[in-house]
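Asker: In case you want the letters, here they are:
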Amino acid sequence: MNDKADTDRSSPATQPLKTGAQCVVDGLVKAGCEVLFGYPGGAVLDIFNCLYEAPFNFVLTRHEQGAVHMADGYARATGKAGCCLVTSGPGATNTVTGLATAYMDGIPLVCITGQVALNMIGNDAFQEADVIGITRPVTKHNFLVRNADELPDIIAKAFYIATTGKPGPVVIDIPKNVQKAKTAAVPPEKVTMRAYHPDVPINAAEIAQFAERINRASRPLLYVGGGAISGGAAEVLAQLAHKANIPVTTTLMALGIFPETDPLSLHMLGMHGSVAANYAVDHCDLLISAGARFDDRVTGKISSFASKAAIVHIDIDRSSISKSVRADLGVHGYVTPVLEAVLPFVKPAEHAEWLEQVNRWKERFPFAYPQSTDALMPQYVIEQIDAVSAGKAVVVTDVGQNQMWAAQFFRYTRPRNFITSGGLGTMGFGLPAAIGAQFGRRGEPVVCVTGDGGVQMNFQELVVAVEHRVPIVVVILNNGFLGMVRQWQELFYGRRYSGVMLSQHGRAPNEEIPEAPGYLPDFVKMAEAHGACARRIFKEEEVGPALREALASGKTWVIECIVAPEANVFPMIPPGSHVAEMINRTV
Amino acid sequence: MKHIINCLVENQPGVLARIVGLISGRGYNIETLNVGPTADPTVSKMTIVVPGDSHIIEQVTHQLSKQVDVIEVVNMTNRRHLDRELILVRVATVNHHTRAEIVDLAALFMARVVAVQEDSVTIQMVGNQETVADFLRLMKPYSIVDISRTGVIAVGRDAPESAAKKG
Ligand SMILES: Cc1ncc(C[n+]2csc(CCOP(=O)(O)OP(=O)(O)O)c2C)c(N)n1
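Chains as they are written, first to last, in our numbering: chain A, 196 to 782; chain B, 324 to 490.
Bound conformation, chain B alone (with noise of 0.2 angstroms):
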């Protein structure tokens, strides 16, 4: 199962490398990662989505708490929250029928176009983990030429004073 751990960190310059080294110098895999500031400028918030049993994420977030840097840890999947992630996706298009079709399944999923070549359609899609890979699965049997996706962000939907507090 996928995980996905938000992080508070120290801004500060090689605190990305030191999380980064830390999960994969153990043998687990990131499989998005997203740093961005918060609303207090000294602090930068990581989300992390790492694939693995709840064994492994125990770890992970242990590991990420122990570091000096790192101010507080949050395992999302366990609380109720919101997730995103935005994508582009551009996808070939045989002839006008599948681009038709292309379009009307992004449609469904409130997805825009946001350029049309003579061979293919560039889509960009925001959804949580589950929408995202609905879209993804759709497209397939199109031929993705190319895609680029943010990684997953995620905030809590209860109180912030309701997530651990490292220590």
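Isolated chain A, as found in the complex (with noise of 0.2 angstroms):
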């Protein structure tokens, strides 16, 4: 492209011509955009010259992969879209485990990345990546911005295609010289797009269907997901489940969207659910799923999932319906006004007997956990936190049994108070997505639940949370492994433990290191060098008056829990299994 062609287009003189930069920061405004997470670079220097001005906050990260988690968890935490802003080259290469964290959890961002200009795209020019084909499989979609005049009606639409149907992570690739181009374009006054069409219409039909199967079964289940988070199901997902007295299990990701505190709760389900939810599942002769994908670790053995049960699908990703497991109806659909729209058809109904049965497997195996009279349970630090916060907290986890535990022994009541990464399981997001959640939920605790393995993947962002006094209170669980991992190896391996120890504890003598402390390295020299405030514990009665300290402060805090180190997260049905096969020691 010529830039001198496009500074010279001829335009009405009411309107001024912009820069592409400039379009940009105004297309971000025009879409709401509070703050925007991002690291500078020379293909960007454009648009930084004009976040100069830019009416939002610039948090800068100290890493691009924490900035595509913070926008991330402000998205998770608000609904809205994260948007985030990185160089070309390595910067856009360093957003990758970001954005294919969200998409596989649908979560709505924009993430604008500089690129070359256009003539030298191809070229192999300095800091040059095919952003567009890395992106690709890890975005609902991509834009390469070929012309300054397109940009106002790019940005727009990335907004509506990251924010509507299955949410989603949209880059938009920006070339330097397109950044630097003048235009007249103005944004569209609506985003009209010929080959996507989120909305769907409710097939009547479909609904008819739906209500007859719930009217018929005897015992019918509630599976929910992600999607009526997104979808923001919860109040009609309540009337339903009390009009017709139908238990509710929920997946990871939407922890929170049915109180777990209702009787009708079942909490989670799948490799780490309760006994209950999991025992439901096996034995419902109905189970309706809503926004939720029968992803691998909720199945388990696919053959033998539900297996007396009918299945009913609701999803807006039609091809998600049937994708793994077949679905006897499917329902195409946002979760909420599908299940709007059945809900004056659900006879009211009692099922005393399923939920007699099902309070009976609630009752006898709850999450429990061994009790020591020489370590600290990490899962007792959990259910402190719920106390602490009296089940305010915004709970922000990593990735291993630290968000098992935070999943299992703290009882959501709120949709959105868990923040995770499902789908990906991304070690590394806990941190910054939690710095993410705060600046969309000011004045609201947020508790991030780490590993001593996790934290250190993006340790360099607490720095952001000190700079911009984002009071979040970091909760590391060190059980001086790779915890996760290390429990496969035990379960699965024989307890030969290859490549898991991160402490000293255990090690053979020829690998021990004299010189060192035991546990490596000290997080709370670390969290000080970063500004935070810190403390290690060791003792359950230190546990609840660190927490009320560091929730008081308005600080950012680090909390070291030093925890059982081999302490694991049971129930577990190992993966491909079937639920007769689950491990479940808790005593």
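Bear in mind the hints are in silico, worked out from the structure with no lab data behind them. Some hints here could point you the wrong way.
[To be verified] Covered stretches of chain A (in silico footprint by chain B; criterion: 3 or more residues with CB under 8 angstroms from a CB of chain B, positions within the stretch not fixed):
id	region
1	324-336
2	506-515
[To be verified] Which residues of chain A face chain B? A partial, calculated answer using Cβ under 10 angstroms:
id	residue
3	LEU339
4	ARG341
5	VAL365
6	MET388
7	ARG389
8	ALA390
9	TYR391
10	LYS518
11	ARG521
[To be verified] Residues from chain A that keep clear of chain B, each with C-beta distances beyond 10 angstroms, as calculated:
id	residue
12	GLY227
13	PRO458
14	ASP477
Since the structure is predicted, the reported quantities are computational estimates derived from the model, not experimental observations. Don't be surprised by glycine CBs; every beta carbon is placed ideally from N, CA and C.
Both chains come to you apart, so use the hints to assemble them.
Answerer: As structure tokens, then:
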């Protein structure tokens, strides 16, 4: 493309010419961007120049992966699209893990990447990467902007695509010359796209069949996933569950969509789900899947999953219906309008026998853990976060055992209060996502539950929390191991601990480093070096007071909890297995 | 079974790569692929032949429909349609007897000899998937030296409004 031609383009006198870079900032403002996370570089200098007087907050992260996870955490906490901006080449490639994380969980993001000038593309120019090619499989859509005239339209489209249908990340790759070029183009009043129609009309025949199946069922079960969170389905879900007395289990992604304190709640299902939820799946005669996608961590052995049940699958993503488990009835649509449509046709029901049965399982097999006299149990720490915050904390987790304990031992009662990387399982997500969540939810307690492994993957972002006075409380459950991997090695590989030791405890003598402390790194010193407050605790009686102090302080805190090194996450249904093979050693 | 999928897409750079990446990235195979403009220059038509059972094909069509640049997806195999492929096949001729046999066979298929060399003939043949397969089976004993295929293209026999719109 030719800069000069663009600059010379004549325009109506009322439309002052703007640079592409200014169009980017104006497009973000128009889309309602409150905070932009990012990292500068040569290929985005023009946009950064315009950020100088942008009306929204720019947050300089310390790594581009951190920027995407922060935007993601913000999106999950608020329901709005998260925004990030990075430079070309290495800046853009550093976003891939973050984009993939958001893509797998259907999180709306708009990620702007700088690109070398159009006439340099394909020449292996300095800091050139084929970002469109690299990000294609991890985005809902991506755009290479070829002309500044297209920019206002593409930015509006990017937000539209990111936030509608099944949400997802959208990348806009903007060559440097396009940022510099001038244009008279203005944003569209309304986005229209010939080939993208996210709104799906409700199909009355499907709704009638759906209602009939509910009314006929004697052991119905609601299986609710992340789509219900993005669709804001909490209210109608509660109405449906209570009207027909249908117990509810949620996926990891949907924790809190239905209050876990409600007698109808069976908590989470799946590999580390509750016994009651997994038994209910196995015994129900109608499984209503609302915005869930039958992930293999939920189904275990596909052929025996919900084998006695008819399956109704509600999903806005048509390709998700019957992808892994055949649905007897597929209902294509957003969860909320579908449930609203079916609700009037659902007859009140008692299902007394069924509820009695599931309640017996619930009472007999609650989430539990062995008590220890000498070591702090990680599960206890989670219970204390629930207690000290009176159930109000926004819990953001990393990945591994810490994530599963956070899911099991806190009773979530509101949607968007449990934030986690479900589909991709990205270690290093927790800390930056917690910062992003707090940007969206100022004034609410945000607690990051993380492992000693995962927290090291993006620890550098702690500085951002301190800089912006983001008072997150990072709780590191330090078990000295890559705990979840160690657990699999213990259970399935004969306790041969290979490549999972983080502390020196239990090492062979020739692998010890006598001049270093037993736990490396020293997280307290590390936190303090980043400007945060920090404390290391070892005992149950220290947990409550430390959390209370941190949450009351209004400061960024790191609480390192030295916990039982070989605690396990139970129940556990081994991968690819049936619920009957569940391992549950809780005493 | 093979399925012929017709896909109308925005005629924009990068769309082909997205479609191909989507299908191969999910572990499905593309047997042939043909792309060309339509009467509307902003729209391209892709004809994709994918082998697989009905579950796989359903997944492929849903995944394709989901793409932001895909206007319409039709599994032609499920409806009345015409399909054609053009092949150019060069067959070795050991002597004039084999050459005569090959030319006779080609005639039976209304195929044309488009080039003759001392040791081979090149035949242009047009047909639907079955006829092309039949022809190639008959050519096989004569040792095929080279073959180029356009990939299948297909049009519906019924009025276009019967085609499933995306959504
Ligand atoms: C980026 C990334 N690398 C590797 C893994 C594989 N993995 C899953 S859990 C886990 C161990 C996590 O250890 P830690 O952070 O200490 O948490 P813990 O399980 O002990 O709570 C690993 C390595 C992953 N999920 N993400």
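Asker: Hint by hint, note whether the structure agrees.
Answerer: We went through each hint and held it up to the structure:
1. 324-336: Answer holds; 6 residues pass the 8 angstroms Cβ test.
2. 506-515: holds (count 3)
3. LEU339: For A/LEU339, the interface hint holds, since the closest Cβ of chain B sits about 7 angstroms away, which is under 10 angstroms.
4. ARG341: The hint holds - A/ARG341 has a Cβ within 10 angstroms of chain B, the shortest such distance being about 8 angstroms.
5. VAL365: Holds, about 9 angstroms.
6. MET388: 7 angstroms, holds
7. ARG389: Since chain B brings a Cβ to about 6 angstroms from A/ARG389, closer than 10 angstroms, the hint holds.
8. ALA390: This hint holds: A/ALA390 lies near chain B, its Cβ roughly 4 angstroms from the closest one there, short of 10 angstroms.
9. TYR391: This interface hint holds because 5 angstroms falls under the 10 angstroms limit.
10. LYS518: Holds: closest Cβ of chain B sits about 6 angstroms from A/LYS518, inside 10 angstroms.
11. ARG521: 8 angstroms, holds
12. GLY227: Label holds. Min Cβ-Cβ 21 angstroms, cutoff 10 angstroms.
13. PRO458: With a cut-off of 10 angstroms, A/PRO458 remains clear of chain B, as the shortest Cβ separation is near 38 angstroms.
14. ASP477: Its Cβ never comes within 10 angstroms of chain B, the nearest being 24 angstroms, so this holds.
Comparing the model with each numbered hint stated earlier shows that all of them hold.
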